[in-house]
Amino acid sequence: MRWVLVVVIVFATVMADLLQSFEMKRAGEQSVSAKGFARLLQTIAERRLLFLGVLCNAVSFFGFMALVQREPLSFAVPASSASFVLETLLAKFVLHEKIGVRRAAGTAIVLVGVVLVGG
Amino acid sequence: MTAATTRQASAIKTVGVLLLFLGLKAGGNSFMAWGMKHVPERVSMNPVLYIHAMANPVVALGVFALALSLLTRMALFSLADLSFVLPVTAIGYVFAVLIGKLFLAETVSGQRWMGTALIFLGAVLVGTTRRNTTGSENTGSENNAR
Numbered sequence: 001m002r003w004v005l006v007v008v009i010v011f012a013t014v015m016a017d018l019l020q021s022f023e024m025k026r027a028g029e030q031s032v033s034a035k036g037f038a039r040l041l042q043t044i045a046e047r048r049l050l051f052l053g054v055l056c057n058a059v060s061f062f063g064f065m066a067l068v069q070r071e072p073l074s075f076a077v078p079a080s081s082a083s084f085v086l087e088t089l090l091a092k093f094v095l096h097e098k099i100g101v102r103r104a105a106g107t108a109i110v111l112v113g114v115v116l117v118g119g
Numbered sequence: 001m002t003a004a005t006t007r008q009a010s011a012i013k014t015v016g017v018l019l020l021f022l023g024l025k026a027g028g029n030s031f032m033a034w035g036m037k038h039v040p041e042r043v044s045m046n047p048v049l050y051i052h053a054m055a056n057p058v059v060a061l062g063v064f065a066l067a068l069s070l071l072t073r074m075a076l077f078s079l080a081d082l083s084f085v086l087p088v089t090a091i092g093y094v095f096a097v098l099i100g101k102l103f104l105a106e107t108v109s110g111q112r113w114m115g116t117a118l119i120f121l122g123a124v125l126v127g128t129t130r131r132n133t134t135g136s137e138n139t140g141s142e143n144n145a146r
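Protein chains in written order, with the working numbering: chain V, 1 to 119; chain P, 1 to 146.
One or more of the hints may lead you astray.
[To be verified] Think about it this way: if two alpha-carbon atoms lie no more than 25 Å apart in a straight line, the pair counts; the simulated DSS-like pairs of lysine-lysine are: (1) K13(P) / K35(V); (2) K13(P) / K98(V); (3) K37(P) / K101(P).
[Stated by the list, open to error] Calculated Cβ distances over 10 Å to all of chain P for the following chain V residues: (4) V7; (5) F75; (6) A82.
Think of the hints as simulated: they come from the structure by calculation, not from any bench. Glycine is no exception: its CB is placed at the ideal position from the N, C-alpha and C atoms.
I would like the entire structure built from these sequences, with the hints used as guidance.
Shown next, in the form of C-alpha cells:
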C-alpha cells in the first residue's frame with residue numbers, strides 16, 4: 001500500500017510541475033501583486049492543462065497527507081523526493097531546458113541534502 | 001530600459017517572488033501544523049473531515065497562505081526553468097530546520113545539519129546559473145506592452 005501511495009504522489013507531483021512550468025512559460029512573466037494573483041487565477045481558469053496541473057497538486061497533497069499518517073516522515077520525505085530526479089530529467093528531455101554541469105551538480109547536492117534531512 | 005537593466009530587474013523580481021513563496025509556504029505550514037493539533041478529529045482520506053478542520057480559523061489561515069504560495073510558485077515558473085525552481089525552492093528545508101531550532105527549540109541532529117548545509121550549497125550553485133534557458137527572450141514584452 002505504501003508504495004502505491006509513493007507512486008501516486010510522485011506521478012501527480014511530476015505532472016503538476018511539468019504542466020505548470022510549460023503553461024506558465026507560455027503565459028509570459030507574471031507578477032505577485034493582488035492584481036497579479038487575480039490574473040493568475042483567471043489564467044488557471046482559461047488554460048485546461050494548467051487547471052489539470054493544479055488538480056494534480058491536490059492529488060499529490062492528499063496523497064502525501066495519507067502517506068505521513070501511515071509512515072514516518074523519514075520514509076515519506078526521501079521516497080517522495082524521487083519526483084525531484086524524474087522532474088529534472090523530464091525538464092531536460094520534454095521541456096528542453098539546458099542543464100549545464102553547474103546546475104546538474106547543484107541539483108545532485110540538493111538531492112543528497114534532502115535525503116539526509118528526511119532520513 | 002536597456003537589455004542589461006531589464007535582465008537585472010527580472011533577476012531581482014525572481015528573488016523577490018522566491019522569497020515571497022518561501023515565506024508563504026513556511027507560514028502556511030506552521031499555521032496548519034499548529035491549527036491541526038487543536039482540531040479534535042483525526043483527518044484521513046475523507047475530504048469532509050478536511051472541510052470540518054477548516055472551520056478552525058488558524059487552519060483556514062494556513063490553507064489561505066498555502067493557496068497563495070501555490071500561485072506564487074506558478075508566477076516563479078513564468079520567470080525561471082523548472083530545473084532552476086526545484087533545487088532553489090529546496091531552501092525551504094533550510095528555513096524549516098532553522099525555524100524549528102530557533103523558535104520551537106527542537107534538537108537538530110548532526111545528519112540534519114549536514115543535509116541542511118548541502119541543500120543551501122546546492123541551491124546557491126543552481127542559483128548562479130541562467131534562470132531561463134528555453135524559448136524566447138521576449139517573455140517580458142507582454143508585460144512592457146501593458
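Discussion item. So V7(V) supposedly isn't at the interface. Is its beta-carbon more than 10 Å from every beta-carbon in chain P?
Written reply: holds (16 Å)
Item to complete: Would you assess whether F75(V), listed as outside the interface, keeps its beta-carbon beyond 10 Å of every beta-carbon in chain P?
Response: Non-interface label stands for F75(V): nearest chain P Cβ at 15 Å, farther than 10 Å.
Worksheet entry | Satisfaction of hint between K98(V) and K13(P), Cα-Cα up to 25 Å | At roughly 22 Å apart (the allowed maximum being 25 Å), K98(V) and K13(P) satisfy the hint.
Worksheet item: Given the hint that K13(P) pairs with K35(V), does the C-alpha gap stay at or below 25 Å?
Response: OK: K13(P) and K35(V) at ~16 Å, within 25 Å.
Worksheet item: For A82(V), is the shortest beta carbon distance to chain P beyond 10 Å?
Response: Per Cβ check, A82(V) is outside 10 Å of chain P; nearest 13 Å; holds.
Worksheet entry | K37(P) paired with K101(P) [C-alpha distance capped at 25 Å] | This hinted pair holds, its Cα atoms lying about 20 Å apart.
Checked against the numbered hints listed earlier, the structure breaks none of them; every hint is satisfied.
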